[in-house]
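Asker: Letter by letter, the chains look like this.
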Amino acid sequence: MDHHGEEEDPKEYRWETGYEKTWEAIKEDDDGLLDGAIADIIQKAKRKRQAQKTMQNKLGMMRHLYLMLDCSESMSVPDLKPTRLLCTLKLLEKFIEEFFDQNPISQMGLIVLKGKRAEKVTELTGTAKLHLKALDGLHKINLVGEPSLQNGLDLALKTLKVVPSHASREVLIIMGSLTTCDPIDINITIDALKQESIRCSVISLSAEIHVCRHLTQQTGGTYGAVLDDSHYRDQLLSHVDPPPAAQTQENSLIKMGFPHARQDEGKEKDPPLSMCMCHIENADEPSKITSAGFHCPQCHSKYCELPVECQTCGLTLVSAPHLARSYHHLFPVQNFTELVYNGQAAICYACQKPLTEATDKNVYRCEACSQIFCLDCDIFIHETLHTCVGCVTIPGAAAQVHARKPQAPPMGMLLGSSLGQRF
Amino acid sequence: MEKAAAENDDSGSVSLLVIVLDTNPSQRIVRQNPDNLSQCLDATVAFGNAHLMQKAQNKLAVISCHHHATDFLYPMPVKQLEVRQVDGQYEVFSLVEKTVKQRLSHIITNAPKITQPNESLLAGSMSMALCYVARMQRNAQPGVKIHSRILVLTGSNECASQYMTYMNVFFTAQKLGIVIDVCALDKSLSLLQQGCDITGGQYLRLTQLDGLLQYLLWVFLPDPKTRQMLVLPPPTKVDYRAACFCHREMIDIGYVCSVCLSIFCKFSPICTTCHTVFKVPGPLPPKPKKKKKV
Ligand SMILES: [Zn+2]
Ligand SMILES: [Zn+2]
Ligand SMILES: [Zn+2]
Ligand SMILES: [Zn+2]
Ligand SMILES: [Zn+2]
Ligand SMILES: [Zn+2]
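From first to last, the protein sequence lines stand for chains A and B. FYI, in the UniProt record's numbering the residues of the first sequence are 1 to 423. FYI, in the UniProt record's numbering the residues of the second sequence are 1 to 294.
Just so you know, the hints here were simulated from the structure itself, not pulled from any lab data. Heads up, a few of these hints could be off.
Said to hold, decoys possible - Derived lysine to aspartate or glutamate pairs resembling EDC-like cross-links, with alpha carbons at most 20 Å apart:
1. B:K175 to A:E93
2. A:K120 to A:E93
3. B:K175 to A:E97
Quick caveat: nothing in here was measured; it's all calculated off a predicted structure.
Work out the full structure: start from the sequences and follow the hints.
Answerer: Quick look at the structure:
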């Protein structure tokens, strides 16, 4: 086979610059350059999760998650590069962005464990920016002493106990230490968490810790010990997907407000100037007096960004596409079938990449539309696009896809411009 | 090596334009006058070449959305057409024209006959465009930033059945930093307009094909950064409220199912989308007066 397939052959540049790839570029690369065995483990885990996803229908879409980060001495170990802490902070940045992207009306809070104490760094909130800022501040934290799992869990429990019963309650613990220093029997705390249906998951950066595994088993969470940084990334990002709804979770209809258009200054007939509520108590960025913003339909308080809970009347304010952002959780794309490549198709149906036995060990077939995809597209379709390209471009298959989805009102479900500005 | 040293900051960026051209014969403008399709095609090719002409590193892809399938018109996936090797870059331009026209006539000749108007699966074609862009971005040499946009040229009506696919496409484009531009050649398109808004693209509706190329060059040729400095058609006002699933009516306060996030204008004990039975609201919200319906 010849390979002047591409409009331009990138290979001649590749060998010149390949070795210059930075660490970060390698990180983003996800699979291409990983150690084969670990890449395999990650890929298998992904497909397994995908298969589980298509089987469950009730998810805890409104999540309240405490992220609990070990900041004890053990986090300074350089087995993850450059250190456990710095590697974690970098991955958490990505995690936080993805979390709010995929869970548009959820809340998160951050707890730090060090010197046998637990400290709340951010309260439960739906604003990614606050967490990212707090995360940034942790780069210079002193890593001292031992963590206390129990103190951390008790702190999370106190807040999660009182969140509305229709929301999922979760704790995700990142443990570097092999030990925990707890004031009393931790089983008392574990029982209380179980009682309140708080799902606790642990990612251990060292070896398996018995008490952590016990905690996850008792509360219905997941337990994982990481093999390397890419495996860590995968473990962490698996928590972006909403967990199955807890049995005790109450389903309800929640009253929400959809604020009117944000008006740009200068356009229309001058709207009155006003102050926003979100920045009113923020000393760093004081509230600006403008005519733009989102107004609570119930009490007319103004906010710069959505989603937000109105500080005056308590109404949750969102925009319709914010909600649409997570509808794909309800209609996941079925897993594709992994096939050994033997000429099933000349090119990948989605990205047009020429398939060859040398470069494509496996290809992937959608059982609904029978199209063949490359590995990269299999991942992209299931993790990002949430739409099988074959199923939505071939009229017969498309009709079936459309039949199972909630239909759009021709004029409705309209826009929130905040979407473009969230990060 | 020396070439690399002399690089200015501009050469580290590549602009990739993917044009999604609606070639469905069901479009009103095509049914009325089949020549309109050739006119759109000529404008597309000329516009694509104008994009390539702006900078040597620029890239182009053209996708046709036909009534039975979505196909790449340019570039060819494996082997490019033979164009007489003439020195200089102009051979690229004739390559684009030759490839696009040859591929499209092949598609049209081999397409099944249509007996009734078929919708254009534009959202699907856009999803294919995204996979292509994602591949180009994955394959980019380190240090090269690819600025990608998708231009949709269509005279079709909007199909609400593709709503979920459109939303998935818009959010994916936003996430990847891909701008969606839309040129509507017949009816106004509210869903695609949302895509432009979400991704920071430009929406333009033309009521006639005269001067199509001039409009394309004026509105869509400048990259999104440059556009801010130009006088472009004013944005159309968009509505930000939600429509309830039950009556498709615009509401500013509604009830959202905690399981599937469907939106309703009134409290009801069961979700019509996911069939979840709700707990009757507790003492906090005042109990709605029971209206007996006959
Ligand atoms: Zn504000
Ligand atoms: Zn309010
Ligand atoms: Zn592919
Ligand atoms: Zn499919
Ligand atoms: Zn209604
Ligand atoms: Zn529902």
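Asker: None of the hints should be skipped; say for each whether it holds.
Answerer: The hints, checked one at a time:
{"no.": "1", "hint": "B:K175 to A:E93", "verdict": "holds (15 Å)"}
{"no.": "2", "hint": "A:K120 to A:E93", "verdict": "holds (18 Å)"}
{"no.": "3", "hint": "B:K175 to A:E97", "verdict": "holds (10 Å)"}
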